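> Listed here are the chains, written in short residue letters.
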Amino acid sequence: MKILTTKNGGLSVEHWADRCVDKIIHVANDSDSIIRDQAVAFKQDVRTVLIHYMTNAIKSDRTTLYNLFLKQGEPQMAEILRRL
Amino acid sequence: MAFTSDYLCSSFKVELLKGLHNFTLSTGNVFKMALYDNNASFVAATTDYTSTDEVANGNGYTTGGNALTNVTPTNDTTTAYTDFEDEVWGTATFTAYGSLTYNSTAGTNAVIINDFGGAKTATAGDFTVQFPAFDASNAIIRIA
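Taken in order, these protein sequences are the chains called A and B. With numbering that gives the first Met the number 0, you'll find the first sequence wraps up at 83, consecutive numbering, no jumps. With numbering that gives the first Met the number 0, you'll find the second sequence wraps up at 143, consecutive numbering, no jumps.
Same shape as in the complex, but just chain A (with noise of 0.2 Å):
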């Protein structure tokens, strides 16, 4: 077990990418090489695709939380989230 800690921020949308690839695909390493090699090429291309996916899921959150913001009267607070 690992435990990663961070200050004055969170883990990177690349960090997770990383994490999930690694949950949903298994590349063994005696496995033959020209099905290892697609294999390892797929992993990547679905890296590229979960951090889109990650990065608009972040965005839209955030779009939630700017008008969770306005609702309850902090515009300021909005305006800051809105600009991250």
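Worth flagging that the hints you see were computed from the coordinates, not collected in a lab. The model shown is predicted, which means the values in this text are computed figures rather than measured ones. Any given hint could be a false lead.
With a straight-line Cα cutoff of 30 Å, these simulated DSS-like cross-link-like pairs (lysine-lysine) come out [stated by the list, open to error]: (1) K17/B <-> K6/A; (2) K22/A <-> K6/A; (3) K58/A <-> K70/A; (4) K17/B <-> K119/B; (5) K12/B <-> K6/A; (6) K31/B <-> K1/A; (7) K31/B <-> K12/B; (8) K17/B <-> K31/B; (9) K6/A <-> K119/B; (10) K17/B <-> K42/A; (11) K22/A <-> K70/A; (12) K1/A <-> K12/B; (13) K12/B <-> K22/A; (14) K6/A <-> K58/A.
Assemble chain B onto chain A, guided by the hints.
Just chain B now, with coordinates in the frame of chain A:
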């Protein structure tokens, strides 16, 4: 006392044989991970969750711990194993030395103790538990 090692709780092994725990994704039991300070003294004989010496409520931590996402058990030849997805405590400002994972569906029955190997501190950041690889040699819970 302090965390001294990782333990698969003895009571959990007995309860497995009694069919008390189900790690299946979605339809299985709810397993929670609670975090503790360095005064916690867990051993293999630990049987239940306790709030004693748990990380204080607030600052990104809620006493009782976070519910984990199960990974449906599988096997590789003679070894059966299961896993959990990585867990994050966000906007966290606290220090933890280890964890107790327990089955919150079947009471508070202890499953596994993990020693973090020292103080792990997040400051206005993420406190992330990254589980080992989901395979017969490394998975967090294995029965050979």
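> Next step is simple, just say for each hint if it's right about the structure.
Status of each hint after checking the structure:
1. A C-alpha spacing of about 44 Å is found between K17/B and K6/A, which places the hinted pair above 30 Å, so the restraint is violated.
2. Pair hint K22/A plus K6/A holds up; C-alpha atoms about 26 Å apart against a cutoff of 30 Å.
3. Between K58/A and K70/A the CA atoms are separated by roughly 18 Å; this keeps the pair inside 30 Å, and the hint holds.
4. Among the hinted pairs, K17/B with K119/B is inconsistent with the structure: their alpha-carbon atoms are about 36 Å apart, more than 30 Å.
5. Taken as a hint, the K12/B and K6/A pair is broken in the structure, with Cα atoms around 38 Å apart against an allowance of 30 Å.
6. Between K31/B and K1/A the alpha-carbon distance is near 17 Å, which keeps this suggested pair within the 30 Å criterion.
7. The hinted pair formed by K31/B and K12/B meets the criterion: a straight-line CA distance of about 18 Å does not exceed 30 Å.
8. Straight-line distance between C-alpha atoms of K17/B and K31/B comes to about 20 Å, which keeps the hinted pair within the 30 Å bound.
9. Distance check on the hinted pair: K6/A and K119/B sit about 12 Å apart at the alpha-carbon level, within 30 Å; holds.
10. Using a Cα cut-off of 30 Å, the hinted pair K17/B and K42/A is violated, with the two alpha carbons roughly 40 Å apart.
11. Taking the CA atoms of K22/A and K70/A, the gap is near 39 Å; set against the 30 Å cutoff, the hint is violated.
12. Taking the CA atoms of K1/A and K12/B, the gap is about 24 Å. The hint holds against a cut of 30 Å.
13. In summary, the hint linking K12/B to K22/A is supported, as the alpha carbons are separated by about 26 Å, within the 30 Å threshold.
14. Straight-line distance between C-alpha atoms of K6/A and K58/A comes to about 22 Å, which keeps the hinted pair within the 30 Å bound.
Hints 1, 4, 5, 10, 11 from the earlier list are contradicted by this structure; the remaining hints agree with it.
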